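Student: Below, each chain spelled out in residue letters.
Number of protein chains: 2
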Amino acid sequence: MSVLVVGTVAFDDIETPFGRAERVIGGAGTYIAWSSTFIHPSANIVSIIGGDFPKEELAMMNARGIDTTGIEIVEDKKSFFWAGKYHDNMNKRDTITTELNVLADFDPVLPEAYQDDEVLMLGNLTPEIQIKVMDQMKKRPKVIILDTMNFWMDVAMDTLKEAISRVDILTINDEEARQLSGEYSLVNAAEAIHKMGPKYLIIKKGEHGALLFGEDKIFVAPALPIAQVKDPTGAGDCFAGGLSGYLAESGELSFEAVKTGIIYGSTMASYCVEEFSLGKLKQLDEMMIKERLQTFKDITSFSI
Amino acid sequence: MSVLVVGTVAFDDIETPFGRAERVIGGAGTYIAWSSTFIHPSANIVSIIGGDFPKEELAMMNARGIDTTGIEIVEDKKSFFWAGKYHDNMNKRDTITTELNVLADFDPVLPEAYQDDEVLMLGNLTPEIQIKVMDQMKKRPKVIILDTMNFWMDVAMDTLKEAISRVDILTINDEEARQLSGEYSLVNAAEAIHKMGPKYLIIKKGEHGALLFGEDKIFVAPALPIAQVKDPTGAGDCFAGGLSGYLAESGELSFEAVKTGIIYGSTMASYCVEEFSLGKLKQLDEMMIKERLQTFKDITSFSI
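Sequence lines, in order, name chains A and B. Using my numbering, you'd call the opening residue of the first sequence number 1 and step up by one each time. Using my numbering, you'd call the opening residue of the second sequence number 1 and step up by one each time.
Do not rely on the hints blindly, as some may be mistaken.
Since the list gives no way to pick one copy over another, a pair counts as held whenever it fits inside one copy or between any two copies.
Below, simulated SDA-like cross-link-like pairs (lysine to any residue); rule was C-alpha separation at most 20 Å, straight line [claimed, not checked]:
id : residue 1 : residue 2
1  : K85       : G19
2  : K139      : R166
3  : K195      : T126
4  : K217      : D298
5  : K55       : E162
6  : K297      : E75
7  : K217      : R292
8  : K297      : I218
9  : K205      : I218
10 : K92       : E183
11 : K132      : K280
12 : K297      : E256
13 : K290      : S301
14 : K85       : G50
15 : K205      : I226
16 : K217      : L293
17 : K161      : N89
18 : K55       : R178
19 : K290      : S250
20 : K161      : E275
21 : K217      : I71
22 : K297      : E215
23 : K217      : A257
24 : K85       : D216
25 : K85       : A192
Source of the hints: derived by calculation from the structure; they are not laboratory data. Since this is a predicted model, take the numbers as computed values, not measurements.
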C-alpha cells in the first residue's frame, strides 16, 4: 500500500533571522512525500512542475520510494514559486512573492495505479483540486487527511466545506479552527467541525505542539523545544507526512493510532526545522527517528 | 511544615467576553495560598490589606488551613485594587486601574513561626520585598520559588536578578524568559537563566501549557483544553500554589518531583479559570483534584 500525496512541488526563497535560502526545493507535496517515506516505505505523488525543476530532485524522490509518475511536467513553463520572510517570532511569516506558474493550470489526473491507494493525504491546495482527486479514487480510501488554510476559508468556504465533509482527519491551526467553526473555544470548535464530517480534528500550534480532538477524547501533543529553528517552512507538511506514513504503516484509524501518528509527525517536523529546505530530511536515518520518538516520550512522561 | 506564601491579597474588577465581576477577592497571595492547601494542608501567608477587606474571607482562609496572622491589616486604608479587561483572546489583558493603596507601604515582617518554613513561594511583587522576605528566614528554605513579570525587568532588573540568584525555581512566561536572558530560543534562554542561579526554570504558556528546564532535561507540560474559560485571573498563581503544595508534600526538589508539581499546578489552574475569582476553588474537593490529575495523564499518554 502506498500513501497518495497531493500537493505542490516547487521552489522557495526563504529569509529567516538565521539566514537566506534562494531557489531551494519546497512545496507541500515535496515535504509530505519525503517525510512519509521515513515511516512507510512507499508513496505516490500527484503534482505539477515546470521544465525548470531539477530532474535529479525527482531521482532523489524515486530513490526514497516516491513514485513521481503522477507529477505532470510542463516543459515550457516554470514551477510554482513562493518567497517568504520569517520574523523574530518564527511563528509568523510574510509572503513576499507567489508565482503560480504551472499551478494555475493544475488539473490533476490520477494514474490508474494510484486510484486504490488506502491513505490519501491532501496537501494545502484549492479545495476544488482536493475534491477532484477524491472523485478519481476507485474506492473510498481507508484514511483521507486534508490540510488547508485560512486563505481558502476566505475565498472558497463552501467548496472547502464540501471537501472537508468527505475526509477523516482535518489539520488546521487554532485561528483557522475558530474561523471555520465560528467558535472561540477550541473544544467547541472541535465539536462543530466534527459535525461537518471529519472524525478527527488536529489543531497544529507550531512551537506549542498540537491538539487532537476525536471520539469525545482529547490528546495534547508536545512540540520539542529546539535550540535553533533555522527554517520553519515545511514543518506542518512534514507533520502531515509523518502522520500519513504512520497510518499507512499501522493500517488503523483508531484514536490511539492517530495519537501515535501525531508523535511521528511531530518527530519529522522537529527535524525539518533544523535546516533550510530539505536539508535535514536528506540527512535522516531510521536510528535518528527512533531516538527522537523516544525523546518525545521522555519529555512528556510524569507520575502523579 | 507549612508553605510560606508572600503575595498580594486584594480586590479585583474583571471584565471578560463572558461577563463582569466587580470588587471580587483577588491577589496573587490569595490564589497561591488557597491553591496550595488543596495539595498540602497548611500554609502561612505574608501580605497587607486595608480595613475594607472582609473578615469572613480571612476566616475562610483559616478554615482551609491558611494562617493569616502574617497579613498586616491597616484599618484606615484600602486594600490593593486591580481592574483588568480580557480580550477575545484570553491570553491578553489590559490593566484598567491599579490602586496600590496599602501595598505602597508594604514592608513585610515575618512572624517568628514562619521563619523556618521549608517551602517559600514568592508571588509576583517588587523584587525588594522578595529579597526582604528571604533575608528574614532563619535558615535557607529547602525550596524557594519566585514568580515575577516583565514590569520588574523594565524598572528594577538589577534587584530582580539579585532576587533570582537566590531561588531554586523561577516561573515566568516565554516573553519574560527572552527579556531576562536576551536569548530568543527558549532552550538558550533556559541555559542563560540557570547561570543566574535557579536550578529550574518553568516557562508558563497559559493555554499552551508549561515548559520545565533543569538538570539538562526538558519537560513539556500540557494545558487542559477548557470549553469555557470564564476568567483567567489567578491561573498562574494557582499553578504556583499547586506546585508549592506538592513540593511541600513530597519534601523533594528532584526533576521528577518538580514535573509532578507542575501537573498539580496545572490541575489547580485548570479549575481556577472555570469561574470568576475564587468561585471554583471554593467548590473543589479532593476527588475532583484526583479526577483531573488523571485527566492530565490521559490527555498526554501515547505509545510509540
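Student: Taking the earlier hints as the rules, which of them does this structure contradict?
Tutor: Per hint list: 3, 5, 6, 11, 14, 17, 18, 20, 21, 24 and 25 violated.
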